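Trainee: Listed below are the residues making up each chain.
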Amino acid sequence: MNESIIKTQNLTMGFDGVPILENISFSVEAGEIFIILGGSGCGKSTLLRHLIGLAEPISGEIFIDGLSLTDAGSAQRADILSNIGVAFQGGALFGSMTLLENVALPLEEFTSLPKKAIRLIAQAKLRLVGLGGYDEHLPSQLSGGQQKRAALARAMSMDPRILFLDEPSAGLDPITAAQLDDLIANLAKILGVTFVIVTHELASVFTLNGRVIMLDKNSKGIIAQGQPEELLKDRSNPMAWQFFNRSLKES
Amino acid sequence: MGYAKSKSGVSLAKMRISYDKDALRIVLRGRLDNYRAAPVWRKVLKLLAKRHTKPIHIDASGLEYADGSGVALLAYFKEYGQKNDLEVKIENLSQNISSLLDSYTENPPVEAVKQPESLNLIERIGQSSMALAGDAVEQIIFLGRLTLATAKTIFTPRRFRAGDFFRMCELTGANAIGIIALLGFLFGLIMAFSSAMPLRQFGVEVYVADLVAIALARVLGPFITAIIVAGRTGSAFAAELGTMKINNELDALKVMNLDPAVFLVLPRVAATLLMTPLLAIITNVAGLIGSGLVILSLGYSLVTYTSHVQNIISMTDISIGLFKALVFGATIGAVGCFRGMQTKSGAGGVGVATTRAVVTAIIMLVILEGIFSVMLHYLKI
Ligand SMILES: Nc1ncnc2c1ncn2[C@@H]1O[C@H](COP(=O)(O)OP(=O)(O)O)[C@@H](O)[C@H]1O
Ligand SMILES: [Mg+2]
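Going down the list, the protein sequences come from chains P and G. Each residue of the first sequence is one higher than the one before, counting from 74 in my numbering. Each residue of the second sequence is one higher than the one before, counting from 48 in my numbering.
Source of the hints: derived by calculation from the structure; they are not laboratory data. In this text the structure is predicted, and so the values were computed from the model without any measurement. Do not take every clue at face value.
[To be verified] Calculated cross-link-like contacts (lysine-lysine; reagent style DSS-like; alpha-carbon spacing at most 30 Å):
#1 K90(G) to K293(P)
#2 K189(P) to K301(G)
#3 K290(P) to K90(G)
#4 K301(G) to K80(P)
#5 K125(G) to K290(P)
#6 K189(P) to K199(G)
#7 K61(G) to K262(P)
#8 K293(P) to K130(G)
#9 K290(P) to K101(G)
#10 K188(P) to K199(G)
#11 K130(G) to K101(G)
#12 K293(P) to K125(G)
#13 K293(P) to K391(G)
#14 K136(G) to K199(G)
#15 K136(G) to K188(P)
#16 K290(P) to K427(G)
#17 K101(G) to K125(G)
[Unchecked claim] Looking from chain G toward chain P, a few residues come up when the C-beta cut is under 10 Å (computed):
#18 T290
#19 N295
#20 L297
#21 D298
#22 A299
#23 M303
#24 N304
#25 F310
#26 I359
Using N, Cα and C, we set each Cβ at its ideal position, and we do this for glycine too.
Bound-form chain G, shown alone (with noise of 0.2 Å):
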């Protein structure tokens, strides 16, 4: 009702300024609504930005109407003259707008709340390399509670979450088996084919097969299939773990004295500790059949490669693969719990976990693949 008719254009919000020798002058006059009062506004912020020192008298007898712009201005000025210790005098206000007047200033304004302030460029660099200590900290005492819980799970088997481990090892292992043979194979495919190409120059194509095979029993299907791990399950935990979190069922946990650790952590652990293995062979053996067509599909026999592939691969080989893959496996599940439990709430919470849970377990892995290599080299194995 009261737009439509400030809408159009009846009387415009005015406001004069005017100097005595004891006060400062404001009349203050129309419509003071959402949609007039900027300029007022801006008049007055210009004003107020200044210091002064004689009291300010508002006449507000020709003020017809004010909303909450405009009650906000009004309140602007007490609080300013309250502020500088000035006498601000509003004279003639209606008695609608000197109601909603009152219950602004009734409620003066709290106190903010404090917020971290924002930093400069040094500050930030500071600031995040503390947070980085503060992350490695934090992963060190998770990593010592789960020790523990592994200690006291050995001690007291009867407190293992069997069931969750069983369910854990069907969403890591069995439901992960169709992807990863796929990926594997044409991975297998893939490497096979593109290598082929170049040793075909020399005449020398048969050595795909010896190529393609160490490099998967070694390196690369252990690693492929951590990832897909990492990305399939080290998120599904963090997710897991998050919103469980975030809905207090961890805390409901600690008061009833149940360790998160053992309760949660470890069955996810081991599950991904025993099935990424498993799921490596899978990639493996996907990955020589997949480079075993590209062989075939070059004239030679199933038997020559699979004797290449024979001659090639050592026991040794395959168990440094899988043992590669049990660490990859451990790391993943705890990484992944790690960030789920580290959940902050809100409703991006959930999902910064999961993020962080893949990519700090893709860069593990990194980490672990190399530290793994320059081992080996030096065992000479």
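Bound-form chain P, shown alone (with noise of 0.2 Å):
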């Protein structure tokens, strides 16, 4: 029954079998803030698409909830990601479609719901994320920013119990991002749902203030693990010591 809600066992991934990260294994805890932390072009991105499913490992396992991922079946799959949500690095909103319809359209499709009570969740989460009152607009009429909590919106609109937000507030001006952060880390309070979260910035690091995993492009693994403020006493990797250090005395 204690088991974490994700579990990866020396996980190898890659592109055309060249690894990018090697042998990753971690598990996340239900409730949690989890963020993978690292350089740009590190993998980050590459390990999130895998703990959704969109991409194979090289070797390894995922375990979602306990069931694998990694050799589900169609319906055991199905199973998984109706528990999950997903915001991309650029959103990924529906170009075609308005705010309102790209949070309803899993409504739509999953559920029986009443048209009108479609509506009004998809309007409450659109509030949630401060959005209210943009119910109508197209996602190319909205600021960056904007776009991020809208693709924050409707992944949360089925109510997943993990949300996977890659690199949500980065691109952002300071200020903006900070209300991000704030709002994600508000989010994990008043849900109650566990997040897995990408960022490449320390100021996120802090506000989200969520156990870290340290990613590293040479040593292709996790080069340092624990809360943020471990990591900054930690001295056991001298590379995360010092972006842990210097960036903090940079912001």
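Hints are included, so try docking the two chains, each in its own frame, into the full complex.
Mentor: Following this line, the structure appears as structure tokens:
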């Protein structure tokens, strides 16, 4: 019963047989904020794509809720997918649909809720991320930060138990980024769902204040892990230590 | 600042090499910057291309200044030493340059990311045949998915994206009427005119009507229409789906457990399948009007023209043409979506996908036309 909600075992991932990350093992406990940290190009998005079943690992296994994602049949896969929501790095909102339609889409496809109810639910989700009143906007009519919020709202539309967010605050100005990080930290408290968040920014790590694994491109693996305050003092990996301390001075 | 001084040519970069019995001695002097380091670099490259067994001692006391190219030169010496297990000593290096050099050597060159090796001719031929075979396999898989999606949708019609379908019909059909009518008209006109001239020598120019009518209905009408649909709509599908793929929208569908084949491909293929025959009718009618004008201008009456057309064309001819258009339409839609979903990331990705959509579609049209001709010949219809 006390099973981790996500568990990876010796996961090796890459493209065309060339590994980018090797032997990644970690587990995520239900209800926590789990942060995947690392410089750009180190494979954070790649890891995330594997965790949500969009790519097959070279070797190793992934368990979601104790079920293997790696060799799931289509029924088990559907079962797993129904428990997760994803906000992609670029938002990935459907450009031909309004925000409301974007958020309502999974509800329409997978539930038999009345249209009116779907509308209200979708509106509520948009309000939750601070986009009340933008129902009828198209994604192209929004700023980058707003698009990221909308993607978050869509990811939450089916009330998943795990939310995966790929760089939810990257590419935004510091003020908007901080607001978005605060929002996510707040949502985590309110919703009690498990968050898996990819980021490359130290400020986000401290705002979100979750358990961190830090990936590195050269060693193709996890170079440090723990709570942010612990990592601040942890000198066992010089690169991780330098990252935590140097960038802290700058910010 | 530094450049201004160096440009004026105050001090050149110089290197002197000498061999002792216990070391290879190098003396560096002057300013090693981007402007002056070139000759020194050339010498060094030549020097280190050989294998040395003696330690290398570099005297940098005369080195006034070094920028990126100068520091890289020193780092190159050091790495040479590490690689060949040779002692490389750099003496009397100024504090500035030394700390710059440290930052270079602190970050060792990362292991090169594996890149595909360049291939020789035979390997390249092999690779492109494999790619072609792989492409064929992918097409078959895609076709399988599409069939599955069609089956799924027939059993749960609620799943069909009707809104999308109508939008696509408008795009494919309604919006193309103008260009289709114009091209059909001009085509009929040109065909009639260019065949009327030779036929006139035999006094049988009135048979132009028969010629144009039968050619349009059975072959050219559907074919021209299909080529226009491939250029207008097939490419648009590829671009649209390609952009969606790059924006991760296809991934977003997949993690919602929505099948892109049902969600995106089916409404589009249904639209081209349905619209291409309708457009072919327009092409045919417009073409007949065009050729009619030529006949009238040659002094024949409208009744003569229409009776010729009516006599020569049967319902079978028209049905054959429309059936071809239907198959062409489905093919174009499917190819467009297929190429779109194959899009590779990067700025050029969507462009490549669009081009490939049109080229593949046209090749498929020609192949299909060939198959139809042979089949009709043997079926004698
Ligand atoms: N589709 C792909 N094909 C080949 N290599 C890829 C592909 N996508 C990403 N990569 C490579 O994988 C590495 C990690 O990419 P990614 O996971 O996007 O990094 P991050 O999200 O940490 O910035 C990069 O070096 C990139 O070059
Ligand atoms: Mg990324």
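Trainee: Next step is simple, just say for each hint if it's right about the structure.
Mentor: Hint check:
no.	hint	in the structure
1	K90(G) to K293(P)	violated (38 Å)
2	K189(P) to K301(G)	holds (26 Å)
3	K290(P) to K90(G)	violated (35 Å)
4	K301(G) to K80(P)	holds (22 Å)
5	K125(G) to K290(P)	holds (25 Å)
6	K189(P) to K199(G)	holds (27 Å)
7	K61(G) to K262(P)	violated (67 Å)
8	K293(P) to K130(G)	holds (24 Å)
9	K290(P) to K101(G)	violated (37 Å)
10	K188(P) to K199(G)	holds (23 Å)
11	K130(G) to K101(G)	holds (14 Å)
12	K293(P) to K125(G)	holds (27 Å)
13	K293(P) to K391(G)	holds (25 Å)
14	K136(G) to K199(G)	violated (74 Å)
15	K136(G) to K188(P)	violated (78 Å)
16	K290(P) to K427(G)	violated (67 Å)
17	K101(G) to K125(G)	holds (14 Å)
18	T290	holds (8 Å)
19	N295	holds (4 Å)
20	L297	holds (9 Å)
21	D298	holds (5 Å)
22	A299	holds (4 Å)
23	M303	holds (5 Å)
24	N304	holds (4 Å)
25	F310	holds (9 Å)
26	I359	violated (46 Å)
When the structure is compared with the earlier hints, violations turn up for hints 1, 3, 7, 9, 14, 15, 16, 26 and for no others.
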